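Trainee: Letter by letter, the chains look like this.
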Amino acid sequence: MSKNYVSKKERKDRQFGFLMALPAMIFLACLFVFPIIYSFGASFTNYRLVGNKGIDFVGFKNYLAAFRDPNFYNSLKVTVIITVGSLAVEFFFAFVIAALITNVKRGQGIFKTIYLIPMMVSPTVAGLLFRFMLNDDFGLMNAILKNTGIISSNIPWLTNEKMAIVSIIYVDSWLTIPFIFLLLYTGLASVSEDVVESGRIDGANRFQIFWRIQIPIIKPTVLVALLIRFMDVFRIYDSIYVLTKGGPGKATESLSVLIYRMNWNKYNVGYAAALSYIMLIIMIAVSLIIQRVSADKEDSGRRRRRVGGN
Amino acid sequence: MKNVLRGRRTKCLVASVLTGMMVLGMANPVLAEGEAASEDAVTVVYNSGMDFSKLDLSGVYDGEINWVGYAENELNQKLMLEMTTGAKSFDICIVPGFGSKMFGSLGMLEPLEPLEDMDDIFAGNKNQHMIGDTIYGYPITGDAMMLYINTEMWEAAGYTEADVPTTLEEYREKALHLTIDSNGVRGDEEGFNKDEVVQWGTMFKGSATNGTVWEMATLAYSNGGAYVEKDYENNTCEVVCDQPAFVETLQYVVDMYNEGSIPSGFAGYDYDEVDAQWMTGNIGMYITWPYLPTKAAGSAIDGHIAVYPLPVGDSGKGVTCLGGWAAHVFTDAPHKEEAIKVAQALSSAEANYRFVSYQGSPSARKSVVERLSEECAAAGNDLQVAVNNAYMVSAEDGLETDIAMTDAAAVDAQTTSGQYINMAFTGQLSCQEAMDQLKAELEQIFADNDFMQGN
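One line per chain: the protein sequences are A and B, in this order.
Just so we're aligned, residue 260 is where the first sequence starts under our numbering, counting upward by one.
Just so we're aligned, residue 27 is where the second sequence starts under our numbering, counting upward by one.
Stretches of chain A that chain B covers, calculated by requiring three or more beta carbons in the stretch to come under 8 Å of a beta carbon on chain B:
#1 385 to 397
#2 404 to 416
#3 502 to 511
#4 519 to 526
If you anchor each label on the Cβ, the simulated ranges turn out as follows:
#5 B/T186 to A/L388: 38 to 48 Å
#6 A/G462 to B/S208: 57 to 67 Å
#7 A/L399 to B/G217: 24 to 34 Å
These aren't lab readings, by the way, just hints derived from the structure by calculation.
All values derive from a computational prediction rather than experimental measurement.
C-beta atoms are modelled at their ideal positions from N, C-alpha and C, and glycine is treated no differently.
Based on the sequences and whatever the hints tell you, model everything.
Mentor: Below you can see the structure in the form of structure tokens.
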């Protein structure tokens, strides 16, 4: 009798199981697929929530309009600055903390718990906390800096166009460094002690072990963390909404905030949908580039090793 | 064989029941949630911050009402979705004047007959819920700005009641004198350090949000400026925020900030933050809405507040922009006839009195304000009497907030105005540049929304 033999009863049970799950599958498919198809369709129309005299197909007009809209370029610039700034700050500090914690032998649990606390705070709550702390006139941050003599006049954390972006990067980093730290720490902790030991025997110092042995081994973890965080921070909305609402003026209006404004202030659903798809395309493109660059280096490294071996 | 068949039947039965439950559950989620809600009752959607559900309507309307509250910042969106999807979930919405114009112009609100005692309602409060002669909302509350003074700072500055500013220029001078740095030097004295201010002469809500647009409107109206001039006869409008009266008013606020009279973070403050500053007792004067004394109860400023009518601007008057909420009936209300009765009941003098008594908002009705003032006087609450008196003066001379009364363009016009005003406050653009750019954007917004385009 074949190993893959399935009895009639078993087959019927499987069919029954499938039928039981079918409504839920259809429901979930509609839930996920319908909005995507609907918004994609809407992006090619002049659909407005109010004052619409009918919905007409307008082809790529909304997409082309985006590339003529100074608000789009401003938001793209803001989003890119926040994304690059946040990723740089977050990965730098997460690496430092993960490397330090890995080497701590006693009380590691306490440190890990402390560093993970910000991850448990919702972005909205964190935004409100920091909005108060970064207040120009009675915020804790200016009070500390002034009382310690670091600054003589208040820093306009949220009312200066450049400082407001710095503040958003700061709050976003505070919230998500723990997440990246957790991923990197798990990666570093999984590196075999034997590998580290062999490096030590070969005369590598701590930095060299970290940089030349541990980092290359956890590279896939770093890549996953980078991709997840990139996609997350590129869509940043809640921290900005609570901290600055896109201000001062439009100085911190990210793409998500702009899309919200186009949809709910201008009621221009078609244009907002087009902006959403442009944002999606950018995210997919950057994600692919990150993967390609990383894969290329790995492949070329492997190729070089193979050629060297021959 | 029998067992197999029985098993199959059981399975089919279970599958059918589960599928049926799921489909029913998906089809009518409201049924599952709202068992207590009667289908015959009139459904009223309102700003949850106003707490209408506590209103005792006995003797005014004895039918059943389903109250549905949403936070103010999401109410507009919920209504927009409700109306554009044709869900017909609500009969009445309680929204501000711009909602009357916006939803009314889109044909989503039922034109209403005048109330029998319409003369009891302040003229401005009536007008902001009408388009031309058509009434779309029965007014419930009103709002008008007034001048508040921190008496402790006032007296410490050597001022008396006779020094209360009656013009905006005096207001600026007094604000500078009330401002003190950490060395105790006043703003108008030699050696004043505006980077070390500990007490400010005044405050302004300046973040890139709608409230800022309203605050600016009051100062601009008083100086004879406006965002937009409307010609109802020809259904045309002209954006005039780039005109000297408005630009100079904007510059007036920027100058007070540059002088140090306004806290440095004002351009990021929302109402709560501005009010919090006032309540610390470190702000000398403040032009804002009537709710302030109630909000400040128990704070450092409590017992040190005096209220006066608005200072006069270049127009020769102190002119507030008006706020206020009204009850509106949807054209596709499932219980339209009953809904009209409920809207009338909500706006009636008795219901209005009961509502504002516990909620604290100013009434849209003169008789209710007078009745409350009498009660406050009898109870020795002189501050509230002064607030009511200042409110009545302001409400009589007040104007509708022109930028908010722009039909379907209302939300976009206000948000965009807030952004450009904020750019002027934060020095990203000069006042004139900001208003020139705002004018261009507003014209586009009005064209996109077909607002007063002469057709």
